[in-house]
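For chain A, the structure is supplied; the task is to place chains B, C and D on it using the hints.
Protein chains in written order, with the working numbering: chain A, 1 to 143; chain B, 1001 to 1143; chain C, 2001 to 2143; chain D, 3001 to 3143.
Derived from the structure by calculation, the hints contain no laboratory data. Some hints here could point you the wrong way.
[Unchecked claim] Calculated lysine-lysine pairs in the PhoX-like style (CA-CA distance at most 25 angstroms, straight line):
{"no.": "1", "chain 1": "B", "residue 1": "K1091", "chain 2": "A", "residue 2": "K75"}
{"no.": "2", "chain 1": "D", "residue 1": "K3091", "chain 2": "C", "residue 2": "K2075"}
{"no.": "3", "chain 1": "C", "residue 1": "K2091", "chain 2": "B", "residue 2": "K1103"}
{"no.": "4", "chain 1": "C", "residue 1": "K2022", "chain 2": "D", "residue 2": "K3022"}
{"no.": "5", "chain 1": "B", "residue 1": "K1103", "chain 2": "C", "residue 2": "K2106"}
{"no.": "6", "chain 1": "B", "residue 1": "K1091", "chain 2": "A", "residue 2": "K91"}
{"no.": "7", "chain 1": "D", "residue 1": "K3103", "chain 2": "A", "residue 2": "K91"}
{"no.": "8", "chain 1": "C", "residue 1": "K2022", "chain 2": "D", "residue 2": "K3091"}
{"no.": "9", "chain 1": "D", "residue 1": "K3091", "chain 2": "C", "residue 2": "K2091"}
{"no.": "10", "chain 1": "D", "residue 1": "K3075", "chain 2": "D", "residue 2": "K3103"}
{"no.": "11", "chain 1": "D", "residue 1": "K3103", "chain 2": "A", "residue 2": "K103"}
{"no.": "12", "chain 1": "A", "residue 1": "K22", "chain 2": "B", "residue 2": "K1075"}
{"no.": "13", "chain 1": "A", "residue 1": "K103", "chain 2": "D", "residue 2": "K3091"}
{"no.": "14", "chain 1": "C", "residue 1": "K2091", "chain 2": "C", "residue 2": "K2103"}
[What the hints assert, rightly or not] Sample of chain D residues with no beta-carbon within 12 angstroms of chain C, all distances over it, derived:
{"no.": "15", "residue": "L3003"}
{"no.": "16", "residue": "G3023"}
{"no.": "17", "residue": "G3026"}
{"no.": "18", "residue": "H3029"}
{"no.": "19", "residue": "R3038"}
{"no.": "20", "residue": "P3055"}
{"no.": "21", "residue": "D3062"}
{"no.": "22", "residue": "R3072"}
{"no.": "23", "residue": "D3087"}
{"no.": "24", "residue": "G3095"}
{"no.": "25", "residue": "L3105"}
{"no.": "26", "residue": "L3107"}
{"no.": "27", "residue": "R3109"}
{"no.": "28", "residue": "I3136"}
[As the list claims (entries may be wrong)] What follows is a list of derived Cβ distance ranges for each label pair:
{"no.": "29", "chain 1": "B", "residue 1": "E1016", "chain 2": "A", "residue 2": "K91", "range": "19 to 25 angstroms"}
{"no.": "30", "chain 1": "B", "residue 1": "E1016", "chain 2": "D", "residue 2": "H3040", "range": "54 to 60 angstroms"}
{"no.": "31", "chain 1": "D", "residue 1": "E3076", "chain 2": "A", "residue 2": "E125", "range": "25 to 31 angstroms"}
{"no.": "32", "chain 1": "D", "residue 1": "D3031", "chain 2": "C", "residue 2": "G2074", "range": "46 to 52 angstroms"}
{"no.": "33", "chain 1": "A", "residue 1": "R34", "chain 2": "B", "residue 2": "P1124", "range": "57 to 63 angstroms"}
{"no.": "34", "chain 1": "C", "residue 1": "L2003", "chain 2": "D", "residue 2": "K3103", "range": "39 to 45 angstroms"}
{"no.": "35", "chain 1": "A", "residue 1": "G95", "chain 2": "C", "residue 2": "G2122", "range": "49 to 55 angstroms"}
{"no.": "36", "chain 1": "D", "residue 1": "E3125", "chain 2": "C", "residue 2": "K2022", "range": "29 to 35 angstroms"}
{"no.": "37", "chain 1": "C", "residue 1": "A2012", "chain 2": "A", "residue 2": "L3", "range": "45 to 51 angstroms"}
{"no.": "38", "chain 1": "D", "residue 1": "P3137", "chain 2": "A", "residue 2": "E125", "range": "20 to 26 angstroms"}
{"no.": "39", "chain 1": "A", "residue 1": "D121", "chain 2": "B", "residue 2": "P1124", "range": "40 to 46 angstroms"}
{"no.": "40", "chain 1": "D", "residue 1": "H3040", "chain 2": "C", "residue 2": "K2022", "range": "51 to 57 angstroms"}
A quick note: this is a predicted structure, and the numbers were derived from the prediction, not measured. Beta carbons are placed, not taken as given, at the ideal position from N, Cα and C, and that holds for glycine.
Number of protein chains: 4
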Amino acid sequence: MTLEVPAEEMEAFLDEVFPQVKGMFGIDHLDEDRLVMRLHSNEQHLRPGGTVSGPAMFSLADVAAYVATMSRIGKEALAVTTNCSIDFMRKPVAGADVIAHAKVLKLGRALSVTDVLLYSDGQPEPVARATLTYSIPPARDAV
Amino acid sequence: MTLEVPAEEMEAFLDEVFPQVKGMFGIDHLDEDRLVMRLHSNEQHLRPGGTVSGPAMFSLADVAAYVATMSRIGKEALAVTTNCSIDFMRKPVAGADVIAHAKVLKLGRALSVTDVLLYSDGQPEPVARATLTYSIPPARDAV
Amino acid sequence: MTLEVPAEEMEAFLDEVFPQVKGMFGIDHLDEDRLVMRLHSNEQHLRPGGTVSGPAMFSLADVAAYVATMSRIGKEALAVTTNCSIDFMRKPVAGADVIAHAKVLKLGRALSVTDVLLYSDGQPEPVARATLTYSIPPARDAV
Amino acid sequence: MTLEVPAEEMEAFLDEVFPQVKGMFGIDHLDEDRLVMRLHSNEQHLRPGGTVSGPAMFSLADVAAYVATMSRIGKEALAVTTNCSIDFMRKPVAGADVIAHAKVLKLGRALSVTDVLLYSDGQPEPVARATLTYSIPPARDAV
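Pulled out of the complex, with its shape left as it was, chain A reads as follows (with noise of 0.2 angstroms):
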């Protein structure tokens, strides 16, 4: 799948579309196959004992599929969630990043699916995977 929208570009844009989560994400790699973000690791994450929260890394994985889906069908488009799974599988590592690798499985007219697995940084197993689908509405309406 070509990509309509660059990784420096799509990293201005998040800051634009979701300016109170500005400096929270970033973009680490991002091309026709896989992107790759990241969660800076920071106090208002953390669960007590220091890792990063279940809600952190859901919209980490939320903000992922985002980012994947809207290079590929351009930055003028609109997407919405409208389904999420997350298995929460190991306790992330106190004070490491969490790096989310993102696929896009499907890209339709309608709908998007975009499988994201998360690890600690520098960890080889997930604590996490998630699977997001986006609703891509014809105009800029609801679902």
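For chains B, C and D alone, coordinates are given in the frame of chain A:
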């Protein structure tokens, strides 16, 4: 299912274990059959356009399933989210609190399964639904 | 939500479009609010020990969501399953029919979302729960 | 992860525990990293139009996750499906076998999580994806 922990005690317990989200959630109602929780709408959870974000709705569903489970197994127990499936169905009303109605469908020795419906305060149609599985480890160690 | 297709007509329609499972499912009740369907227990759906298999319960949930959706959008429409999350919570009672209680949570122009609870006939606690998304394409082509 | 049970032994074991689906599934490949299984296409799994049905694809994903898990924990163990999320993404090719590629993402003491991608034999794009959680009870009793 009998409650081990009443609502007021549960609210204090939440502030204690999740100090970073203190004041974000409230317990409207908790009895043997159902739990009603509230996400206080504020700037931090907003997307452009002023509606509550997907991750904030996920957080509410996750906390509601946690509270519903812990109120039945007791505060000394441990419970960690292992799975969530969530469907986002309607755009939340801007500026309105989001209300979670949670029901424990199964409370086993090793797992609980909780259904959660989310509403914009005062609206009849749900904005989202989620099902969460919590693992209840026998002792203080990883799943 | 108003019904486009009444129960008897829906049952005949099922036999027509899915002749290979004729007689496997029955519609106990169908009105604007809810649908009750039945999986007739028989040898083919059994696992060792005599209980209804997971795939048979999935089939029942899938058919129930299909019937609930089609009864609202009309038999001429097209609807295909795009997502299902299902939790198996208790072992079904051997020899008992499985009963599905289905409720359409959202009926949009492009998607329907239906919640289904499954019970062993006569038992108070659900054996499984499922949520299914059906895509409703605008015309007779793939999603 | 080391295999406790090799492929040939696993196939015989399947016929033994699920005699009602004997001949329906085959194991193409099984090693420490991945499992490839096959659903033999036949009349019974067809929808109108000749493609493999959703429930048949669910069955294949479920059996693949079971085989992948059992091959690692041993045939004497017990494992029951507790959760599945599945996305149907493309219409399977009529008359073609469906091939499952399964990977165990987590094998804990109490739970396994397995990712499965399903393909029409010979096609590059997946027709479906699924993630399944199996509960591994400590002894021969229910979860």
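Which numbered hints fail: Going through the list in order, the structure violates hints 6, 9, 12, 20, 21, 23, 33 and 40 and respects the others.
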